[in-house]
Amino acid sequence: MATLHINGVSKSFGDVKILHDISLDLADGEFLVLVGPSGCGKSTLMNVVAGLEEPTTGQVTLAGRDITHLPPDERDVAMVFQSYALYPNMTVGQNIAFPLEMRKVPKAQRTEAVNHVAAMLQIDHLLDRKPKALSGGQRQRVAIGRALARQPSLFLFDEPLSNLDAKLRVDMRAELKKLHMRHGVTTIYVTHDQVEAMTLGTRIAVLKGGLIQQLATPMELYERPANLFVAEFIGSPSINTAKATVSDSGEVMLGDAAVGVKLDASLAHTDVIFGIRPEDLRVSPLDTPGAIHATVALLEPTGAESYVLIDTAYGEFTLRMPGPGEFVVGQQLAVSFDAAKVHVFDATTELRLG
Amino acid sequence: MSTTPVMSLKPRGIKWDRVALYAVLLLLAFMFLMPIYVMLINSIKPLAEIRGGNLVSFPLEPTLEPWLQAWSLAQIGVEATGLKPYFANSFLMVIPAVLISTALGALNGYVLTQFKVKGGTLIFGLVLFSVFIPFQIVLIPMARLLGELGIAGSVKGLILVHTIYGIGFGTLFFRNFYAAFPQELVKSARMDGAGFFVLFWRLMLPASLPIVVVNIIWQFTNIWNDFLFGASFSDYTSYPLTVALNNLVSSSTGVKEYNVHFAGAFIAALPTLVVYIVSGKYFVRGLMAGSVKG
Amino acid sequence: MKNRWLPALVLSPSIIMVGICVYGFIAFTFYLSFTASTILPTMTLATESNYERLFSLRNFFLSVKNLGVFSVLYIVISMLLGMFLAILIDQRIRAESLFRSIFLYPMALSFIVTGTAWKWLLDPSIGFERTMRLIGFENFVFDWIKDGEMAIYTVVIAAVWQTSGFVMALFLAGLRGIDGEVLNAARVDGAKNWRIYWRVIIPQLGPSFISSFVILAHMAIKSYDLVIALTGGGPGRATWLPSVFMYQYTFTRNEMAVGAASAVVMLIGIAIVVIPYVRREMRLNKGVQP
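Protein chains in written order, with this note's numbering: chain A, 1 to 354; chain B, 1001 to 1294; chain C, 2001 to 2290.
The hints are simulated quantities; they were obtained by calculation from the structure and are not laboratory data. No experiment lies behind these values; they were computed from the predicted model shown.
Now the stretches of chain C that chain B is said to cover, found in silico as 3 or more residues with beta-carbon under 8 Å:
id: 1; region: 2109-2118
id: 2; region: 2125-2137
id: 3; region: 2254-2264
The beta-carbon is built from N, C-alpha and C at its ideal position, and this holds for glycine as well.
Input sequences plus hints: build the corresponding full structure.
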């Protein structure tokens, strides 16, 4: 059972602490995505799991073995790098066979494994080419093939799709998901792209500043973000936020209007942040009670839907509408929302309330 | 951003790997430094100590007499003047040659990379080849030419020779640098109306200051250290330092004053050594400029 | 550019100077090698082939043989030592620049200085042999420099000392140009340190090998200063190289035409090594020309 346990891992480089006491557990066959902005420590964490860096404190256990201080080759972990890191002086076939060669797998078996993997990834016609004669997408498949051929207990993907162009990225995303469904190898996948995170992961760990902000399924992250950062990071376009207050009785107030969310009375008079996702705002008749009045500032049609930027008394909001939208800049409208879709965060701690 | 650790002999457990590594490095460093150490300490020993003792021992009675000898008293040419006048000759020879060949090299490199010149590639190829030729092949005709110009056996003659043969190197250095110069800057300057000389003087030359330094260092070192041209084209008044040193050291008559030889060698080595130490990475860049791009 | 002729004009002084003083002179010397020149150049053609004479001379044969021995040893040892030094320095050692400077400083010295230093270092009466004997190894012998058979190897020693730092610099640049992530991939794939060097790093050092070979080979053929300072060509003629032969026959033995012929042979030797490199650079130049 290739379960992975990361316990209390911290990593400092000199005085700079990159990772703060990270703990997470992966079940066998799980696809965990590590997502976060640049510098959040996700790549460092990957390197620690891969054995390319040693943690300052903490432990890593894979399939019951403590691998914390083992060199990379003894961990039974395979990694796909952002730049693919193919051996430029070897052919595709030799690249894929290399890890097997290092493990002294006999030639006949090696060739079989290479052919099998190459066929699966549809690169069998490229086996004799050198990396520089391949396109980005082809190189990426070779990198994946090299990792697959080893049949490791754990896969690590370090932003493998970042260097591909947009269309190819979408295609490869689907292929990676199919691969995982087929082989079920425990996987950690690092990306800065939240769409990739949401579509690929069984669970997602959002990192910022070397700390796990939230570890949950995609839907949980979307519906119940643990703090403001997660709320703003997940979901595109980003969640709309505005400053709000809490009344004596615990009602969250946007200006003078109650939004329909009631918190514990002990939170009265706290400054809070009100959040509502663009897709949860609906255009309603101008006289609807509790609706927010707004002026259309900008229209961004994307074909299947439109993003409408509206100016309100509480700041600029984005509204997401199906279809091309029939609005004009300068038009007056009103938007309303379901109180259940409202997110409230403490203005100081940025943690979720209620 | 992924942190990519660079390859290293990762020690596991005991750091014997590193100990062995440093031991080997220190041994090699010692072997590389040994000749200069020997030269230095033996240059301040009285002759009797050298003959009586071993090469690596410290001087018991250190003296600067050999240095004095080498600098101003030893007989090299017709008179016993030491190396001093020849030191001066070398400077007089090197400085104009370096400056002119650098200036021409910069202009040439500029033209070859920024303008369509008929046969530009061929010219480049011929210049490139010319820096590799064995200079023995030009000795006879050059001697003839210097004679015809009336500057045979003079410092002026040496300046001419070194300037001409320095142009090739200079052109290559600058050409390589300007070839990698961002074309957008050049295009933008041209659109702003920059002409031939303005483009060179105001944009490209200032940007290539490091290469100018590299070129000067490289040419200085090469020309200062030259022997073949010096031996072939100078006479006893115009010997450059290397030729004078060789005369000093190779005299087969009389007592071999090893300490004076070492002091003389050191004097000859000092300018380029100082340039080397002071210029550090520029020296290395000069060396690299001759290599193949991968 | 309004002035079409300006670039060409700027180039012309150099073209003229290099044209005459390099290629013109080469042609002149080439012509001379067919003349009857002895002390001074003369234009009358020789009755017998100077080249035949050249190749029949024992001195020349000896020079070429010495060059062969010298260059093979010099090139191979310098490359191996240089690469080894580069690999050592690449191990993220402390005081890296200090070590680099130590291995590289001999390149700043004139060959005359190097020759002078090593000449006495290797001299049996005051150098290495004597020092070892004084320490206690009474029967230690190291008189290669005085030995006709072995003297050429002393030239190898001094030459390798002088230039292996340069080869190190070339290989170090090559090593540093290798993508770090590829090395990480190799570690994850299970390759141990030496395997990584052998299978991944060294195969990528092709350009460094080529550059160092071209430069070392041409330096070997041109070696003159070092021999003069170290052994004077001796003992006897035991360390003569074609460069020494040329100088001797042209200026001392009054056989200028033969000397010229030997210079031509040297040029051809260098051309064989260098021309492929020059042609490659010329091909790449197509991408450079505007």
